[in-house]
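Line by line, the protein sequences give chains A and B. Residue numbering for the first sequence follows the working numbering, beginning at 108 and increasing consecutively. Residue numbering for the second sequence follows the working numbering, beginning at 108 and increasing consecutively.
Careful, some of the hints might be misleading.
All copies of an identical chain are treated as equivalent in the list; a pair is satisfied when it fits inside any one copy or across any two copies.
Unchecked claim - Mimicking BS3-like on lysine-lysine, the simulated pairs with C-alpha atoms at most 30 Å apart in a straight line are: (1) Lys422 with Lys113; (2) Lys194 with Lys441; (3) Lys301 with Lys131; (4) Lys109 with Lys301; (5) Lys167 with Lys424; (6) Lys422 with Lys213; (7) Lys113 with Lys399; (8) Lys424 with Lys213; (9) Lys399 with Lys311; (10) Lys146 with Lys429; (11) Lys194 with Lys445; (12) Lys194 with Lys399; (13) Lys249 with Lys441; (14) Lys123 with Lys429; (15) Lys249 with Lys146; (16) Lys441 with Lys193; (17) Lys429 with Lys234; (18) Lys473 with Lys429; (19) Lys311 with Lys424; (20) Lys441 with Lys213; (21) Lys301 with Lys445; (22) Lys234 with Lys445.
Keep in mind that the hints were calculated from the coordinates and are not lab data. On a predicted model such as this, the values are computed, not experimentally measured, just so you know.
There are 2 protein chains.
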Amino acid sequence: MKFSIKRSNFIDGINKVSRAISNKTTIPILTGIKIDATKKGITLTGSNADISIQTLIDSKDHDNELAISEPGSIVLPARFFSSVVKKLPDEMMSMSVRDDFQTVIKSGNSSFTINGLDASNYPHLPKINTDKSVKLSGDLFKEIIHQTVIAVSNQESRPILTGVHFALKNSQLLAVATDSHRLSQRKVALPNNKASYDVIIPGKSLMELSRMIDQHSDVEMRLSENQVLFLMGNTSFYSRLLEGNYPDTSQLIPDDSTTQVQFEAPALLAAIERASLLSHASRNNVIQMSLKPGQDNVTITGNSPDVGNVKEDLKPKAIKGKDLSISFNPDYMKDALKSLGNTMVNIDFLSALRPFTLLPTEDHQKNFVQLITPVRTF
Amino acid sequence: MKFSIKRSNFIDGINKVSRAISNKTTIPILTGIKIDATKKGITLTGSNADISIQTLIDSKDHDNELAISEPGSIVLPARFFSSVVKKLPDEMMSMSVRDDFQTVIKSGNSSFTINGLDASNYPHLPKINTDKSVKLSGDLFKEIIHQTVIAVSNQESRPILTGVHFALKNSQLLAVATDSHRLSQRKVALPNNKASYDVIIPGKSLMELSRMIDQHSDVEMRLSENQVLFLMGNTSFYSRLLEGNYPDTSQLIPDDSTTQVQFEAPALLAAIERASLLSHASRNNVIQMSLKPGQDNVTITGNSPDVGNVKEDLKPKAIKGKDLSISFNPDYMKDALKSLGNTMVNIDFLSALRPFTLLPTEDHQKNFVQLITPVRTF
Chain A
108 MKFSIKRSNF IDGINKVSRA ISNKTTIPIL TGIKIDATKK GITLTGSNAD
158 ISIQTLIDSK DHDNELAISE PGSIVLPARF FSSVVKKLPD EMMSMSVRDD
208 FQTVIKSGNS SFTINGLDAS NYPHLPKINT DKSVKLSGDL FKEIIHQTVI
258 AVSNQESRPI LTGVHFALKN SQLLAVATDS HRLSQRKVAL PNNKASYDVI
308 IPGKSLMELS RMIDQHSDVE MRLSENQVLF LMGNTSFYSR LLEGNYPDTS
358 QLIPDDSTTQ VQFEAPALLA AIERASLLSH ASRNNVIQMS LKPGQDNVTI
408 TGNSPDVGNV KEDLKPKAIK GKDLSISFNP DYMKDALKSL GNTMVNIDFL
458 SALRPFTLLP TEDHQKNFVQ LITPVRTF
Chain B
108 MKFSIKRSNF IDGINKVSRA ISNKTTIPIL TGIKIDATKK GITLTGSNAD
158 ISIQTLIDSK DHDNELAISE PGSIVLPARF FSSVVKKLPD EMMSMSVRDD
208 FQTVIKSGNS SFTINGLDAS NYPHLPKINT DKSVKLSGDL FKEIIHQTVI
258 AVSNQESRPI LTGVHFALKN SQLLAVATDS HRLSQRKVAL PNNKASYDVI
308 IPGKSLMELS RMIDQHSDVE MRLSENQVLF LMGNTSFYSR LLEGNYPDTS
358 QLIPDDSTTQ VQFEAPALLA AIERASLLSH ASRNNVIQMS LKPGQDNVTI
408 TGNSPDVGNV KEDLKPKAIK GKDLSISFNP DYMKDALKSL GNTMVNIDFL
458 SALRPFTLLP TEDHQKNFVQ LITPVRTF
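Given the sequences, and given the hints that come with them, work out the whole structure.
Following this line, the structure appears as structure tokens:
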């Protein structure tokens, strides 16, 4: 293997696949980055037990200033190699591999020789059946991820809840996540897609993926039995799927309510954040919300014998229905409000012990619903 | 105690004294921030075993919008109180203390009640004798600190070396630090100061202090037997002194040399940083420098059987004397070169086993000298 390349473009590729590389792996070769030089260009691969990322630095793209004089492959220690490439002095760099896998890297007056590993020992990436595929715009896909991963469980006791449930049926994509205390659900109409599938994608994979999505480009999602592949331009992102049946969440979102209130999401978020300072300093992380439609008034209170107490008076944009006092974990409310951004939010309550819903006021189709279970304090 | 104040100015004061407050202290009241309201204004105090910081929010400064309706004192849990004040909704805030030390904090529609502690149990700050004092401009004092603390030891086995030795004699201030592998020395002429003293100030205190120094204002340093006080405007910074005799460093800096080389400091730093990537990945953190005045050439090499090797070719700005090959810890060289910034540096060598010196080329008075001990590799 022998090639020269524009260093900044090489670094971009290394950064992409490095997201999949962990130093904690028990398989030594996976601490490395795989570099393949072919006629098409330089293909970089990084992988761990859950995700694999592959990207092509295209020889046809003149901006890469890529000149391959000898094809071949090598695996180099990822973290060390990446820090070397980033520190090299010149705009251009060259790499050449000797028969004993020693790799010489040159740039300006600097020369590194790095001990490499035989690339033929690197695991093969999964082959993905291309029957089932969905294409979405990058910004929409990012939005779906951000709106659902917040409700994913981070406890391994029920592994299935650490993923987001993606179901495509009747030209509608439904993404749902719940940690059993709260739920977040997003619907997207896909009128031109007649496919049907039902998978659970690990929340961690989706978070890593969302950092790589370019909001101005499309993302294609391809499914096989136990793997999913996301295609983004020259980059492929593979994730394993979670096995098992996701709990049925279709009956959880209530249709009716007895108290309805409307807030500017950022104003409510600021008040909840202040109240949570106190609940975080006390033993039980709970705050109370008291709604009095007759007085056009909502108060949030928190109390801890050790630390003190807090009271927030809020003026809702609209409020109607019955008086209600309800207790909940402020962190669930914070996550839910943050995911809404700078909009108006409708919160609908049934009783002090039944889950309540948050919906963007503008969202008449109920495409994005969040559900929070209250805490019993009596 | 009862007052109202412009919140942003109150936060500035809280941030200043919070630097001295640690949650790890074994004295519970020191996890708190002390607030005193007097005619002069609001005095805030934070303290730990090593340093204490006190700042006055002046009632005469109209920008503070300070209105004290009842003088008094309270101690509040620092971290919680600080996060509450930062999150309050309004530009203004008020505080009032009840008889049971419960403190009510109000801003906009938000109201916190925090359990406080009796301020009379807060330790008194040391009294400082004002006979011995030095006044320096903020930028010069910051420079002296930055140039010396890099060489301070972080090992508690010889506590005296964790400090910087400040000696004032014959109208000259000498600041020296050494961890026994390297030394950094700064001289400053103080023609108008006839005082004489000799103290060792903990390196950690100086680093914390340097973050607070305004480079456009003066710093006054006042000394007592076992404490030093730095006065900066309305803020007082107290530190304990280290007890004991600092080793005599006056004979360590060699007067002569057999090989002299001159570099642009940033170019040499970049090459050393690259070479250190390899030395950090290998077991012994050492690189070699080979100087050949006859060939106008300097090379840096590093070698590790596990990882690989590195070679950097350097073109010095000037070089003369004998051929020399010398080994050293690249981290000491990196620290030394970083402290020099964007200047030319002269490096003078005696032999492969004798310490070598780094001096800014412009510095003909040798006001700032750094010394590095090489590593024996044979």
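A quick look at each hint next to the structure:
no.	hint	result
1	Lys422 with Lys113	between (58 Å within a copy, 24 Å between copies)
2	Lys194 with Lys441	between (41 Å within a copy, 14 Å between copies)
3	Lys301 with Lys131	neither (42 Å within a copy, 61 Å between copies)
4	Lys109 with Lys301	neither (47 Å within a copy, 69 Å between copies)
5	Lys167 with Lys424	neither (57 Å within a copy, 42 Å between copies)
6	Lys422 with Lys213	between (65 Å within a copy, 17 Å between copies)
7	Lys113 with Lys399	neither (65 Å within a copy, 33 Å between copies)
8	Lys424 with Lys213	between (64 Å within a copy, 23 Å between copies)
9	Lys399 with Lys311	neither (41 Å within a copy, 55 Å between copies)
10	Lys146 with Lys429	neither (71 Å within a copy, 51 Å between copies)
11	Lys194 with Lys445	between (38 Å within a copy, 16 Å between copies)
12	Lys194 with Lys399	between (62 Å within a copy, 26 Å between copies)
13	Lys249 with Lys441	within (20 Å within a copy, 42 Å between copies)
14	Lys123 with Lys429	neither (53 Å within a copy, 48 Å between copies)
15	Lys249 with Lys146	neither (33 Å within a copy, 56 Å between copies)
16	Lys441 with Lys193	between (38 Å within a copy, 17 Å between copies)
17	Lys429 with Lys234	neither (57 Å within a copy, 63 Å between copies)
18	Lys473 with Lys429	within (23 Å within a copy, 81 Å between copies)
19	Lys311 with Lys424	neither (37 Å within a copy, 52 Å between copies)
20	Lys441 with Lys213	between (50 Å within a copy, 22 Å between copies)
21	Lys301 with Lys445	neither (34 Å within a copy, 62 Å between copies)
22	Lys234 with Lys445	neither (38 Å within a copy, 50 Å between copies)
When the structure is compared with the earlier hints, violations turn up for hints 3, 4, 5, 7, 9, 10, 14, 15, 17, 19, 21 and 22 and for no others.
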